[in-house]
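Turn these sequences into a full structure, and let the hints guide you.
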Amino acid sequence: MSRRCRSRSLPWARAAALLWLVGCSTVGAAQEPLRYHVRIDAADLSRAHVELRIPDAPRALALATSAHPMVESDPWKRIEGLTVQSGGETVPITRTDSALWTAALASESAVVRYSVRIPEPPTTGTRRPVELSLTRNGGLIGGREMFLYLEGAHD
216 MSRRCRSRSL
226 PWARAAALLW
236 LVGCSTVGAA
246 QEPLRYHVRI
256 DAADLSRAHV
266 ELRIPDAPRA
276 LALATSAHPM
286 VESDPWKRIE
296 GLTVQSGGET
306 VPITRTDSAL
316 WTAALASESA
326 VVRYSVRIPE
336 PPTTGTRRPV
346 ELSLTRNGGL
356 IGGREMFLYL
366 EGAHD
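Remember, the working numbering sits 215 above the position in the sequence shown when you count from 1.
Careful, some of the hints might be misleading.
[To be verified] Mimicking EDC-like on lysine to aspartate or glutamate, the simulated pairs with C-alpha atoms at most 20 Å apart in a straight line are:
hint	residue 1	residue 2
1	292	323
2	292	247
3	292	266
[To be verified] Listed next, with one range per pair, are the computed distances between beta-carbon atoms:
hint	residue 1	residue 2	range
4	261	315	22 to 28 Å
5	302	277	28 to 34 Å
6	271	355	26 to 32 Å
7	357	304	26 to 32 Å
8	313	351	32 to 38 Å
9	358	305	25 to 31 Å
10	358	321	27 to 33 Å
11	352	266	36 to 42 Å
12	248	311	22 to 28 Å
13	257	313	27 to 33 Å
14	298	261	16 to 22 Å
15	307	334	28 to 34 Å
None of these hints come from the bench; they were simulated from the model.
All C-beta atoms in this analysis are idealised placements derived from N, C-alpha and C, irrespective of residue type, glycine included.
Right, here's the structure in full:
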């Protein structure tokens, strides 16, 4: 009798386990990564141009920036010309806080473009080792104060 019960319940157990596995794989599926592209114009070293591609963007997009603890506390002042495109159209973007911008997207992907002003290197003294800088001979760009991220996903 126990053998008969097992054989009848086994297909249900397999089906339940399969549904559980499928549910786990879709719920926990990783989103495509954000893609950043940075462009420097050799004729204008006062800014870096950033393009951020978000393939699986939330329809209510929230972009944020954060300050490096050793540099300035307000990196958003350096961000200029912020635009968002979604569904082939430019989408209005609103600055909702000093370091937070929001937009309602037309599709589930977005292209964000902006520039980051790079300060001129000091003529006297020294600059902080983590501060953004560009010269004809090289420089330092990158870091958390340069790249916008999806709010709530900065880990």
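Comparing the hints with the structure gives:
no., hint, verdict
1, 292 - 323, "violated (28 Å)"
2, 292 - 247, "violated (29 Å)"
3, 292 - 266, "holds (18 Å)"
4, 261 - 315: 22 to 28 Å, "holds (25 Å)"
5, 302 - 277: 28 to 34 Å, "violated (18 Å)"
6, 271 - 355: 26 to 32 Å, "holds (31 Å)"
7, 357 - 304: 26 to 32 Å, "holds (30 Å)"
8, 313 - 351: 32 to 38 Å, "holds (33 Å)"
9, 358 - 305: 25 to 31 Å, "holds (28 Å)"
10, 358 - 321: 27 to 33 Å, "holds (31 Å)"
11, 352 - 266: 36 to 42 Å, "violated (25 Å)"
12, 248 - 311: 22 to 28 Å, "holds (25 Å)"
13, 257 - 313: 27 to 33 Å, "holds (32 Å)"
14, 298 - 261: 16 to 22 Å, "holds (19 Å)"
15, 307 - 334: 28 to 34 Å, "holds (30 Å)"
Violated hints, listed in ascending order, are 1, 2, 5 and 11; each of the other numbered hints is respected by the structure.
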